[in-house]
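Make the full structure from the sequences, and use the hints.
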Amino acid sequence: MERSSVAFDQNLSGAADFPALLRRKGLLASVAIPPMPQAGIPQKTWQPTEATTILAFKFSGGVLVAGDRRATAGNTVVYDRADKVLEIDRQSIMAIAGVPATAWEMARVLEHSFQYFRRTQLQEMSVDGKVRALSKLLRDNFGFVMQGVGVVVPIFATYDSHPKPEARLYFYDAMGAQFEAADYAATGSGSPAVRGILYYENNWGKKPLHKLSEEEAVSVALRALDTAAESDTSTGGVDRGGKIYPIIKIVSREGITTLPESKIAAVFKETVA
Amino acid sequence: MIEEPYRWVEAIANRREYIEAQLAPGSPIAAVGYRDGILFLTVGQTRQKLFEIYDRIAMGAIGHPGDIERLRMAAIELASTEGFTRSAADVSLRRLVHYSLSPVMKSAFEQVYGAPYLARMLFAEVGESPNEDLFLRVEYDGEIATNGATYAQARQDFAVLSGTRQSRELMEAFLKSQHAPDASFELALNSALDAWSIGHISLQASDANGQPDQAAVLKHRQEQLAIRGIEAAVLERDASRAIRYRSLSDTELRSLIHE
Numbered sequence: 038m039e040r041s042s043v044a045f046d047q048n049l050s051g052a053a054d055f056p057a058l059l060r061r062k063g064l065l066a067s068v069a070i071p072p073m074p075q076a077g078i079p080q081k082t083w084q085p086t087e088a089t090t091i092l093a094f095k096f097s098g099g100v101l102v103a104g105d106r107r108a109t110a111g112n113t114v115v116y117d118r119a120d121k122v123l124e125i126d127r128q129s130i131m132a133i134a135g136v137p138a139t140a141w142e143m144a145r146v147l148e149h150s151f152q153y154f155r156r157t158q159l160q161e162m163s164v165d166g167k168v169r170a171l172s173k174l175l176r177d178n179f180g181f182v183m184q185g186v187g188v189v190v191p192i193f194a195t196y197d198s199h200p201k202p203e204a205r206l207y208f209y210d211a212m213g214a215q216f217e218a219a220d221y222a223a224t225g226s227g228s229p230a231v232r233g234i235l236y237y238e239n240n241w242g243k244k245p246l247h248k249l250s251e252e253e254a255v256s257v258a259l260r261a262l263d264t265a266a267e268s269d270t271s272t273g274g275v276d277r278g279g280k281i282y283p284i285i286k287i288v289s290r291e292g293i294t295t296l297p298e299s300k301i302a303a304v305f306k307e308t309v310a
Numbered sequence: 233m234i235e236e237p238y239r240w241v242e243a244i245a246n247r248r249e250y251i252e253a254q255l256a257p258g259s260p261i262a263a264v265g266y267r268d269g270i271l272f273l274t275v276g277q278t279r280q281k282l283f284e285i286y287d288r289i290a291m292g293a294i295g296h297p298g299d300i301e302r303l304r305m306a307a308i309e310l311a312s313t314e315g316f317t318r319s320a321a322d323v324s325l326r327r328l329v330h331y332s333l334s335p336v337m338k339s340a341f342e343q344v345y346g347a348p349y350l351a352r353m354l355f356a357e358v359g360e361s362p363n364e365d366l367f368l369r370v371e372y373d374g375e376i377a378t379n380g381a382t383y384a385q386a387r388q389d390f391a392v393l394s395g396t397r398q399s400r401e402l403m404e405a406f407l408k409s410q411h412a413p414d415a416s417f418e419l420a421l422n423s424a425l426d427a428w429s430i431g432h433i434s435l436q437a438s439d440a441n442g443q444p445d446q447a448a449v450l451k452h453r454q455e456q457l458a459i460r461g462i463e464a465a466v467l468e469r470d471a472s473r474a475i476r477y478r479s480l481s482d483t484e485l486r487s488l489i490h491e
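Sequence order for the protein chains is F and W.
Adding 37 to a residue's 1-based position in the first sequence gives its number in our numbering.
Adding 232 to a residue's 1-based position in the second sequence gives its number in our numbering.
Please keep in mind that the hints were generated in silico from the structure rather than gathered at the bench.
The beta carbon of each residue, even a glycine, is placed where N, CA and C say it ideally should be.
Be aware that a few hints might be false.
What the hints assert, rightly or not - DEER-style ranges, computed between Cβ atoms:
hint	chain 1	residue 1	chain 2	residue 2	range
1	F	T294	W	S479	20 to 30 Å
2	W	Q398	F	Q160	35 to 45 Å
3	W	A347	F	A76	55 to 65 Å
4	F	K173	W	G461	37 to 47 Å
5	F	S67	W	Q410	20 to 30 Å
6	F	G63	W	K451	53 to 63 Å
7	F	A219	W	Q410	58 to 68 Å
8	W	I489	F	Q160	54 to 64 Å
9	F	R127	W	D482	19 to 29 Å
10	W	Q454	F	L159	25 to 35 Å
11	F	D165	W	H330	33 to 43 Å
12	W	Q454	F	P245	57 to 67 Å
13	W	A347	F	S97	53 to 63 Å
Structure follows, in structure tokens:
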């Protein structure tokens, strides 16, 4: 008679890996293998199509994360009220540039992963663990990126209480490499302009970014997005006619605050328009 | 054994007796609904007994830690995958317990060559109003019990779990007469603590039947709190947050206890 095996495959990381659980149940697409280059068949080159602009920087009240509202398909604007700044848990935000279907699915997997970890392991996932979890999702997705669909380049902002309380900001590349940003990060098609502005403000502005008040920070974010929209057709910036403002959220020790549109409108009217 | 039904019945009876004896020393758990949510409470020394299952669902359990862990994991897995594929609003305690946990526990209990689950669990799901709160107790044999609520009339204000039937019934009788569903948190905390004490007295002195008097309950409670810690958690009714579970620390509760 065959003896049943008593396995220790549970309870350490294995059991707490939510994407693995979803794949086991057939609820999440399996990891796609990048296509092998073959002689005679023209290579399909990967087009970076992260058509949007998102930015984040540290200021006196934590991390500000802002994103425009435009969603495009090629030359067409499909939606002008897209929300690309997503709350993952009480203290983490993922802002997305890239293909919305993949990005929103990733955000959903991530959100459930953190909860699942806390519930099963009876402790909060560490910031390093969370940053790594997103990195792994991007890595798993890279096969699709190479096939020409589903590129996602996110920013991740969170508040860490260990070893000392501080806001943390990360940006990623499409393969899943993570980089911790000291002051600011921006991705998407409009990001070169934004990066220029944030670099300039940080070095030669009235104050470095980390010393800005909330109102000053909002003003810088709005100006940066508006500048990006000036030359990048995929970035919505601020829609003056339709009164559509970017989404701005702040991560601080107290958690996440979504700035009300009225507040953004007031700052815009006073310092940008 | 299948050709000998009598032996199967006997084996089940033995198994029931064995499990009841194993569960008998389990410290009681009380779950009481109040105005702003549901409070889970027990007093213990070592293992954690109260757990978050999903946004609006919590669990308390007594039994073997290994079995509790397997059941807890199963419940979290089921709720999490349902919440992921559909939405958090589609995760229902009634479905989780009736269609998933209970059948598995019954099979394990009745397959006499395998091991049964040595656990007794108490689940609660917080609703928008106290009327919609749901409490379910699941036994090691898959039996599902509520304290008198029927399918058509689900109103319940509390549920309890203990090592013995006598202890549980005394706790239920106490809460039925003493607990009001629209009570404040402080009142709910004190009735839950009294219910725990009544259940615990009964476990320690199994010959005593009937409710102990108020002075005896107070004395027992003071003695126990001097040597043990309060483990408690709430499911908050406040809908502004998705995740309603919050565990409470012993120190923040002690100041609210009526002496």
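Each hint, compared with the structure:
The hinted range of 20 to 30 Å is satisfied by T294 of chain F and S479 of chain W, whose Cβ atoms lie roughly 25 Å apart. The hinted range of 35 to 45 Å is satisfied by Q398 of chain W and Q160 of chain F, whose Cβ atoms lie roughly 37 Å apart. Distance hint check: the CB atoms of A347 of chain W and A76 of chain F are about 59 Å apart, consistent with the given range 55 to 65 Å. Here the CB-CB span from K173 of chain F to G461 of chain W is close to 38 Å, well matched to the stated 37 to 47 Å.
For the hinted restraint 20 to 30 Å between S67 of chain F and Q410 of chain W, the CB-CB distance of approximately 56 Å leaves it violated. For G63 of chain F and K451 of chain W, the hinted distance range of 53 to 63 Å is satisfied, since their beta carbons lie about 58 Å from each other. At about 59 Å, the beta-carbon gap between A219 of chain F and Q410 of chain W stays in the expected band of 58 to 68 Å. The hinted window of 54 to 64 Å between I489 of chain W and Q160 of chain F is violated, with their beta carbons roughly 28 Å apart.
Evaluation of the 19 to 29 Å hint for R127 of chain F and D482 of chain W yields a pass: the beta carbon distance comes to about 23 Å. A beta carbon spacing of about 30 Å between Q454 of chain W and L159 of chain F agrees with the range 25 to 35 Å that was offered as a hint. Judged by the Cβ atoms, the range 33 to 43 Å given for D165 of chain F and H330 of chain W holds: they are separated by roughly 40 Å. Taking the beta carbon of each, Q454 of chain W and P245 of chain F are about 58 Å apart, inside 57 to 67 Å as hinted.
At about 59 Å, the CB distance of A347 of chain W to S97 of chain F agrees with the hint of 53 to 63 Å.
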